[in-house]
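Asker: Those protein sequence lines, which keep their order, are chains A and B. With the numbering used here, the residue at position 6 of the first sequence is 6, and numbering never jumps. With the numbering used here, the residue at position 738 of the second sequence is 738, and numbering never jumps.
FYI, nobody ran anything at the bench for these hints, they're computed from the structure. Warning: the hint list may mix true and false statements.
With a straight-line cut-off of 20 angstroms between C-alpha atoms, the simulated EDC-like cross-links for lysine to aspartate or glutamate are [as the list claims (entries may be wrong)]:
| # | chain 1 | residue 1 | chain 2 | residue 2 |
| --- | --- | --- | --- | --- |
| 1 | B | Lys-356 | B | Glu-211 |
| 2 | B | Lys-715 | A | Glu-73 |
| 3 | B | Lys-713 | A | Asp-64 |
Label pairs and their computed distance ranges (CB to CB) [what the hints assert, rightly or not]:
| # | chain 1 | residue 1 | chain 2 | residue 2 | range |
| --- | --- | --- | --- | --- | --- |
| 4 | A | Asn-82 | B | Lys-151 | 38 to 44 angstroms |
| 5 | B | Glu-270 | A | Ala-66 | 42 to 48 angstroms |
| 6 | B | Phe-391 | A | Asn-76 | 34 to 40 angstroms |
| 7 | A | Asn-76 | B | Pro-60 | 39 to 45 angstroms |
| 8 | B | Ala-603 | A | His-68 | 40 to 46 angstroms |
| 9 | B | Asp-636 | A | Asn-82 | 43 to 49 angstroms |
| 10 | B | Asn-21 | A | Ser-19 | 17 to 23 angstroms |
| 11 | A | Asn-82 | B | Lys-664 | 51 to 57 angstroms |
| 12 | B | Asn-21 | A | Asn-76 | 20 to 26 angstroms |
| 13 | A | Asn-76 | B | Ala-681 | 43 to 49 angstroms |
Which stretches of chain A does chain B cover? Using the computed rule of at least three CB atoms under 8 angstroms from a CB of chain B, they are [to be verified]:
| # | region |
| --- | --- |
| 14 | 16–25 |
| 15 | 48–61 |
| 16 | 73–86 |
| 17 | 91–100 |
Note that beta-carbon positions come from the ideal geometry of N, C-alpha and C, so glycine has one too.
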Amino acid sequence: MKFIIQIIATIIVCFLLQSFLPWWTLAVGASAVAYFIDNNALPSFVAGFIGAALLWIGMAYYLDQATHSIITEKVNKLLPLNAFLLTGIVGGMVGGLSALTGTFLRSK
Amino acid sequence: MKIIKVGLALVVTVSLVYFLNTSHNFGSPIPPLGKFLSPFQGFWQNAQTSSQNSETLSIPGLKDKVTIVYDSALIPHIYANHDEDLFLAQGYITAKNRLWQMEFQTHAAGGRISEVIGKAALDFDRTQRRLGMGYAAEVSVKSMESNPTAKLMVDSYTQGINAYIQSLDESSLPIEYKLLGYEPEPWTNLKSAYLLKYMAKTLNTGERDLEMTNALKLFGKETIELLFPDNEGVADPIVDRTNQWGFKPTTLDSVQLAVPQQLVNIMPFEKSPPDVGSNNWAVGGSKTASGSPILCNDPHLELNLPSIWYIIHLSGPGINSMGASLPGSPSIISGFNDSIAWGVTNAQRDLVDWFKIEFKDNAKKEYKLDGSWVAAKKRVEEIKVKGAPIFYDTVTYTHQGPIVFDSSFHGANEKSHFAYRWIAHDPSEEVMTFYKLNRAKNHADYMEALNHYSSPAQNFVFACVNGDIAMRIQGKYPVRRKNEGKFILDGTKSSSDWQAFIPSDQNVMDKNPARGFVSSANQFPADATYPYYVQASNWEAYRNRRINQVLRELNKCTPQDLMNLQLDNFNLKASESLPTFLTNLDSTSFTGDALEAYKILKAWDYKNEIDSEGASYYEAWIRAFVPMVWDEFSNDKVALPWPSTYLTIKLMKEQPALAFFDIKSTPEKETVKEVIQKSFADAVEVIAKWKKEKNANPRWASYKDAVVNHLLKQKAFSYNIEHGGNSSIVNAHSKTHGPSWRMVVSLEKAGINAWGVYPGGQSGNPGSPYYNNLLNLWTQGKYVKFTFTSESEKMKGKELAIITLKPASK
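In isolation and in its complexed conformation, chain B is listed as follows:
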């Protein structure tokens, strides 16, 4: 009897403990509840106050003492006596604040999310792998490690992260590990390479070659030329040096093959949304109040928590630099030092192509090239899946790149195969660019640093305390023949391959232009006399013109004036389209909602401020108008591209009777006028419905309903925010995307003055007051004035805490 009782009680108790020590999934995932709820090691332990402990830690591998001073915004100022120690400390302190995010983002880059959250992520993981992210990162880490300086840098950085990981115990694990029931693994150099490929994927995947191929087949060459021109002739290019390029360009002997005539039955993977972009500019001393240059940068990305950026100050031998770093990658990406400042925007250029491949048979072991069969390579991707067996995915590679889609993945049939050629698959050493930029003293150093940079192509803005300003559109670009890269390419002939690359010194660049400023906002890069064919799917049309218009007019400008420009909410798109909309609108019969909308729109000042109702009505209207115009391009059988909004508005004004304005689904023949009338009615209905649902007025911030999501889309760790702006506006804040980092640097001879902010916080821990301390500043349009000194003693009185790292005695 006793044995039965004891046995039963024991079994029940042990089962309960076991149950509470493991994660489960009953429809929604459940953390290991005992572990998670225990106040001795669970989530309760992640709660922190704003005070930070000063501490001295012994770190193996360190050469000398390193002092890390946290300032009041939890920005670490690292003072080290050796390069190795500096990067080790950067790795350590970044991991201390952002470990979970760093690992999660590299897991995402490498297609390893299924390992953490299960089957639901398998398709995402397979996409990452089949785009060759793993292949690209492996190539990249090889070239990183073959350069002694780069190797030293990434090795030390990795060592620092691992020193932090080793210091963790159950209670100090970041909360996300506790929630999902897993633990961090050792960091590797490969993970740092993954992170840079993750950025490359975000910034390079706006291409639409498959969609354009379908459009060409369905609508013909003339329509394509009208609706998808190489250059929409919007306004100033980034660099205008008409007839002054002065070099002999590389030319190709072979002529590009005829464009393909076929429909591609593949639904392409999700693209980077058009609100990924950026602004940067540098204003020369002739236009500033101080007489010194001012440089500004705001990269637009998806806004997440923890933020993609981490502010850090690195001070050591030959380096004193500060700015935004990417957690997971050494050095500073957008920042300044004692002599120069630099910033980045995406260059947009088409660096992705799809080559149509002819395989001998379904085994896909050989493919046709110049009339003979060539062996393809196979790469087996092993994908661990939480709660399920390992998934093995075999990906075929030709010399161009991986076959992303086949019968096992999103491909409808075995007839069409396309190899994915992407510049990020090529060896490159971006880490050296940032190593050198962080230490650069002048324009020559900046140019030398950029020579190491290939991908993802960026517009690098530059300013120096000596007064120089510059712009260079740096990347590794294939020399293109006309139309090359817009459509799928013939992979059976080596003549359609990328034959040569533009020599780095022939890239688009400019120094101290006569207009007194340089600027870029993802627009077309160069004037018509630039000797290379330049092509992309999504040149920016509005922000760039607004920025240049304001910069041209500014004189004796101050950092505050340029902060105001970063926060500028003027909707140029609306100012160019709404008057035409309204004059074409027959408002005589309007009553009720329609009349109210009409009145609000007529009175609107084209500014997307938090309280503007006009901005909401305009947004609803243009969102109804554009799809109504391009109904011909909504096809559920094949993927098609849409012409740009800029071109749509231009056609509306210049060719109101164009056949595309006819709405296919109605028997009547519509022109622009009818489409405007109908889309207005739709927009009024949308807003009326919204008002009823929300029981509120459609203020722009309410209607936009912006959110800064936690990386796991976990609502409890996310924030809804109210902020002005929109995509295509200088303050490019849409529902989920926007200025992920705002920086303003005044390069005065007496010393640098710099400000910056991002929508997040220095700590990645949702239980820390520093999780969102910068988010509130950002939302209000405020900046942090940086404390920037190369002497740690001068930080006295400004510190929140001091962390001293000492070499561990062996």
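Isolated chain A (complex conformation):
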């Protein structure tokens, strides 16, 4: 249950933060959520990863659909991986590692 709550909380908190502040507030949001939810290390990392990745992919998907993939098609030609996948991995890694840091900070 905590796992699901952490994912959802990460999505909401990070969405709000990044709507107004620079992209790296993703790390601040994910670690704060993990600190308060107090999960174990591994589930916390995974939840942070999934939360951040879902948020980034979801937001990217929304923009992509609204604009008929006009920029995604082009950027795909210049990235080594599919743009969604890479966005998910980068967002997820930042989210996961930040969550882990938050969890360690809380644990005794």
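Position chain B relative to chain A; hints supplied.
Answerer: Chain B alone, transformed into the frame defined by chain A:
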């Protein structure tokens, strides 16, 4: 234990975030990935739909309300009540659509690309700086700012661009900034000056003085006169007023010094390719169906995205003008207003010279002039390099100009130094020409506007609703002595300097000629009785004749007929050379590929249409033939010029036994016949190889393989296109160059009708549907019919969006 765990996790997380927030270079450059990929501020945010938001914005510095109406092609129609507001709005809306390009092009002009992409661009940057681009732009901005009207115009334009820059945040930055990991800096008037110098460099650097000097030394005077005549006698000059020039020319007392006898051991910088050129013409009412003049213009430049042109409509007090503007420079460059239309082609004239300088010693602090030592000036260029320390480049200037090459740059030794004299280094106020042309009502206004114009010299075509048509080859030209400017000049004597300039009213010009039209396509400007010596390295030989041939025959012509002429794919060069090629070819033993090529060429109609295979075979053949003829001019030790293709074909017909037709590397003595046979075999092989590689038939468009590149040569933002034509053809579209703007204006008394198109789109954003919306029209040979009205209310129902700019309350 906890501290270690937390510390470790924290360090890893912060390092990752830091890594993802900076750009890197692991062989190929990598953007700041976190920033770039974040859907909240990265590239995803650059995606747009075809709808545009109407909005009202507060802009500091504005005097009154300005209405900007975007039409369905995203062309902005600006309605303002003050000159200042009009130019401010032009700057604002141009930046909104083209900011990255504007800044990048001025960075390129000023030699600041290393700052953005790193060391790889250092040589390019140094070349720009050492040609004196910075010096030229500084001189130019000074003269701009000393004229109150010009100052007001550029100040307001700059203010508008900066208002847009200030409105940007991380997410709305153009994608190229995100990709390269940098941010726009404030715009300045100097940047606008840089842009005009960038055009001047593109259009003036066809010279080959160093190469010609080498050729003179190696081959002698007679050969030079045969292979590089001042005038190839191709056909009509742009203006023919034989014996009617009627003025007393400025003459020089001093005689030009003897031509130099030396080899120059410098590999000159890359020249503008010969496919930079243009067409323009105006047909008088006597030849049109409507009885009113029609004016056409298509400048040929490298085709890039975002395009060099931006279509705009400027309406305000005393001005209602529309056409193509250069992003980064106020006003319209090629366009029309309620009364007149105008357009430009390059005048080709030689406006660049190299003076051989004798320095006292390697410090290059003093140089010899008329027997005494004169102090040279030093200019230190500070070049910022991404990921490396600042590079300082000291450039020596004599009174003629900068020493481009020395031991620190492309110069093999310290013995030969050449000062670069370029007309674009002189003060000038081109912005006033365009300010006045945009407002001109008649021929007299057009003439007055052109009096302000010095560089780069252009053939300005003109037509007026009152029926007048005209042509004026305007620029600031030195008065030349015979042969002056073809070779390097002696910089130790002030008598070899540019002594005087042709008075502006003695430039080549014409109004309402008897033939009923004026035209120019970069050919020789005037008949033999024009009282000044005229010289250039690359007069055009084919487009101009084809255009005049068609215009002479046209009667009761319509705008559509003239669009057809802009799109004309007839290959005059092929029609003048292929018959001779084929009659000299011994085809008796041909089988397979050779036989097929022979048959296709025999059946070809000389048109470079998309599907013509003959065009591909001919192109492969002439590309093999010309270098085989001029093998004597391929020298890996010194740079040499090549005679023109026109002259090569003429010699092939008239002097088939000329010694140059012998191929040096073979023991046999070849004549034209053998060279034709051999080059045909080579061409067949080239095409056979191409067919095997591509597994396709050599249709002209496939073989040409044309591309419209993004300015960063970024493939993802570039397009391959299929279009007919080639260089030397009226539709001058080669692999990378071509008609960068096509305009047709019918100047009817009841109102102007105008059409235009360019291979690009109004938006510079690769994430916008307007990034390439005009490119597809252009490729298909279609035009946009312009909506042109001085009343913003009449735009109702035609608008995509309305942007209202309001003065910001203080």
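Asker: Next step is simple, just say for each hint if it's right about the structure.
Answerer: Hint check:
no. : hint                                      : result
1   : B:Lys-356 to B:Glu-211                    : 14 angstroms, holds
2   : B:Lys-715 to A:Glu-73                     : 12 angstroms, holds
3   : B:Lys-713 to A:Asp-64                     : 25 angstroms, violated
4   : A:Asn-82 to B:Lys-151: 38 to 44 angstroms : 52 angstroms, violated
5   : B:Glu-270 to A:Ala-66: 42 to 48 angstroms : 44 angstroms, holds
6   : B:Phe-391 to A:Asn-76: 34 to 40 angstroms : 36 angstroms, holds
7   : A:Asn-76 to B:Pro-60: 39 to 45 angstroms  : 41 angstroms, holds
8   : B:Ala-603 to A:His-68: 40 to 46 angstroms : 45 angstroms, holds
9   : B:Asp-636 to A:Asn-82: 43 to 49 angstroms : 47 angstroms, holds
10  : B:Asn-21 to A:Ser-19: 17 to 23 angstroms  : 19 angstroms, holds
11  : A:Asn-82 to B:Lys-664: 51 to 57 angstroms : 56 angstroms, holds
12  : B:Asn-21 to A:Asn-76: 20 to 26 angstroms  : 23 angstroms, holds
13  : A:Asn-76 to B:Ala-681: 43 to 49 angstroms : 44 angstroms, holds
14  : 16–25                                     : holds (count 5)
15  : 48–61                                     : holds (count 3)
16  : 73–86                                     : holds (count 7)
17  : 91–100                                    : holds (count 6)
Of the numbered hints stated above, those contradicted by the structure are hints 3 and 4, listed in ascending order.
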